[in-house]
Amino acid sequence: MSRLADAFAPLGLILLLLGAWELACRLTGVPAYFLPPPSQVAIAAATGLPVLAPAAWNTLSVALVALALAAAGALALAILVGLSPLLERAVRPLASALQVTPVVAVAPLILIWAGIDHPERAVIALAVLVAFFPIFSGAVTGLRSADPDLERLFDLYGAGRLQKVLRLRLPAAVPFLMEGLKVGAGLAIIGAVVAEFAAGSGGVRGLAWQILDAGNKLQTDRMIAALVVLAVMGVAVHAGLERLETAGLRWWRGR
Amino acid sequence: MSAAALEEVEVDYAGRGRALGPLSLTIGAGEVVALVGPSGCGKSTALRLLAGLEPATRGQVRRAAGRGETSVVFQAPTLAPWMSAGANVALPLELAGLPRAEARARAVEALSRVGLAGTADSRPAQLSGGMAMRASLARALVTQPRLLMLDEPFAALDEITRRTLADDVLALWSQTRPAIVFVTHNVEEAAYMAQRIVVLTRGPGRIAGEVRVEAPLPRPAGFRTWPVFTEAAEAVSALLAQGVEAGS
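Chains as they are written, first to last, in the working numbering: chain X, 1 to 255; chain U, 1 to 248.
Chain U extracted, bound-state conformation (with noise of 0.2 Å):
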């Protein structure tokens, strides 16, 4: 069964020509897959595509996770200034119109499981940017979504605190197994995280090679160390040299 699936996709750009494709790739349900790929290759696209934010131009986009089952996250925390935390992890229950005090209730439940009980009245402005990407995650699991995309959500943070986000990640898919589909540049989080990695071209992005994780998820300590994420992560540095030069 599949979570979503895009089918020889191509989305053009008006005045900017072919952004992605063609592409076809399957997120197979419950599954981590990691898309890697140089810049401008269109792996944010492609996310939007599978998240259904943006029709394609050709192609089909499946998509079996229905309204109210998808999530983003993106790269800034993207939470509204004039709510509180609380409020803005409330919000997609609210807009899915369930009662006020019930979507405050699961918020509050939500932030405790990301770490942040005890921050639903605080504003955005007075977390810091690991917690407000925190609330961000909750406000992504607090419809408890069956696909979640990650937009390079951890690009702008230092990297303990990337670290521990990237464990909590994973922590957190294990209660519920969402399907997550994550864009990063970053080839050692892509080894981390997935278990899938999909390592795209040069812009317009087709898909340049794909590397299985085979190791438990979520990961054991020191897995840094073990032989198949270093072997993972040097074929995907492969594949995306290959890309660039096919690109080119």
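Pulled out of the complex, with its shape left as it was, chain X reads as follows (with noise of 0.2 Å):
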């Protein structure tokens, strides 16, 4: 009973949400520019549904994409780091300096370099760069969370640094790795769209754009749609994660 309870209570509030603001949009006859009642957004998600799931998947892809390659480069980098106390001493201001410069920021210039023609490659670029930083640091502290007493049996059995790395400190950091991949996740989706939001009206069509264009025609009922949309995605791709990690950590702990 409560467990149906629980299940129900967040759709029981988002009910009630839009009942009230239905109810109010009616009742003061705000016009839909400003305000559109929810049902006025459900005709328009439901409309533009051939529209807005391409540029769903559109700004879906460029995230995985980008996650895939900032969790190739950080991986590889953190390894690097890990072999070299020098090195790492050298990156970390770098790294930092990157992580806390926004996205924003560092998008006009990203642009250009990507060139007009290839806005896109801008966009996957620009999402790398936030996703990059939270998978990195999660390497760097998993790789080196391994038992110290088991790293003191590595170095009595002879095992080289080669082996180190690839039968002790990887696979040590595999919890470390997972936690940051999800975190990396969820900000390759922001950043995806924050760059998007920044090229602007070019050739990048994901849902920022649709957010955009509807905005410049005031249908603002399309906007909310595509935020809507935004936000499903965002839900969905966190809690196949959340899945993914307690699967990968059992499997990992065996247990």
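To be clear, the hints were calculated from the coordinates, so they are not data collected in a lab.
Built from N, CA and C at the ideal position, the CB exists for glycine as well.
Among the hints, a few may not be true.
[To be verified] Facing chain X, from chain U, some residues (calculated, C-beta under 7 Å):
hint, residue
1, Trp82
2, Pro92
3, Leu95
4, Ala125
5, Leu127
6, Ser128
7, Arg177
8, Trp226
Each chain sits in its own coordinate frame; assemble them with the hints.
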């Protein structure tokens, strides 16, 4: 009973808020370009689906490609840094500087470098930039997380540097890597959307472009519909990765 | 013939000062020696010196056992959670370059020798504390070491498991007769397991004295009631008390 209530509580709140919104729109007669009622947004979402779905896929695929690139780069750099403490001291401040610089501020520069004909490359690059740091930081921490006594055993048994990385440090880092990937995936979506905004109405037609385009035409219902699709996509990706992480940890721990 | 020896060694840690020494200690081949002392006296440091895991600040460390002939068991089982028990035990052999299949076969055999037959595919998280410790012991024995180091190996276990494991370690010792050095702060455990008990003073540890236990090894049943056991335990306790005074 209480589990059922738990499951329906968020749904109930959403329905309640939607009802209040609908009622308020009808009672006050606020113009639809300012605030359309949820029923109108639903219609806009339904009729706009043939456009919204490919746009959502566009944004999602950019985020996923960026996530894969960021993960590969971050892991490679983390391993190099793990092999050489000097390199780590060299890389840290640069990595932190990149992390704290807002992606919108970097976007115009990347757009120039990507070239006017390839804004999609810039969008991917910017999403990579945002997703990189949490994965890198998690990997560096994870590669150092192995039990020191286990490290001593590897030394005692004459393991080489590479053997220690492959057979001890990397497997020990797996939980940290999964956490970094989960955070990185969320950021990659945010990065992709922000970068699309920065690219403006160029050749990139993701969800952000849908929002911009609808806004320019004062089609507020389309705007909100695109926002809802974006939110649902974000929630789905997060839930999927959360499940993947739980399953991954269970496999790693053997329990 | 000695398996390992410390000659006038001292160990200083940066910021913490002297941790151990000056200390001289010779471990004979096949000898079972207990290192007993108060917390912080540097007994684990002495063990790491003998294992070659750490250098001495001053003095000489002589080790007859070559690479792959020394094994260490720590206080925690120190098994890699992402590997099965069998893979954990096979690890030293695989790192030494043995083919995987042969290493795994010898690991299964080592596991059954410590009473863990049929657990090769279990993960460490699925083993009880005592079983995990046995797996750790199997990993130490799989290379057939000439020098086996045990750093408070049973400290985290309950009394019954602890006593069974003590007998099992001695039974395993009688098969291949490696030199065993083990650190403990349990006086009874030292008197039960060791032929020679070296008592250290309060840190920085120096030798407060030695007690020999002249009795057969592995221990006969009821050994804990023998006068030689109780006398040894009393002598070690007296040396410990002296060592604490001398250190202060």
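Hints, verified against the model:
1. Trp82: For Trp82/U, the interface hint holds, since the closest Cβ of chain X sits about 5 Å away, which is under 7 Å.
2. Pro92: 5 Å, holds
3. Leu95: With a minimum Cβ separation of about 4 Å from chain X (threshold 7 Å), the hint on Leu95/U holds.
4. Ala125: Where the cut-off is 7 Å and the nearest Cβ of chain X is about 4 Å from Ala125/U, the hint holds.
5. Leu127: Cβ of Leu127/U sits 10 Å from chain X, so the hint is violated.
6. Ser128: It is violated, given that the least Cβ distance between Ser128/U and chain X is near 13 Å, above 7 Å.
7. Arg177: 21 Å, violated
8. Trp226: Violated. Min distance 35 Å.
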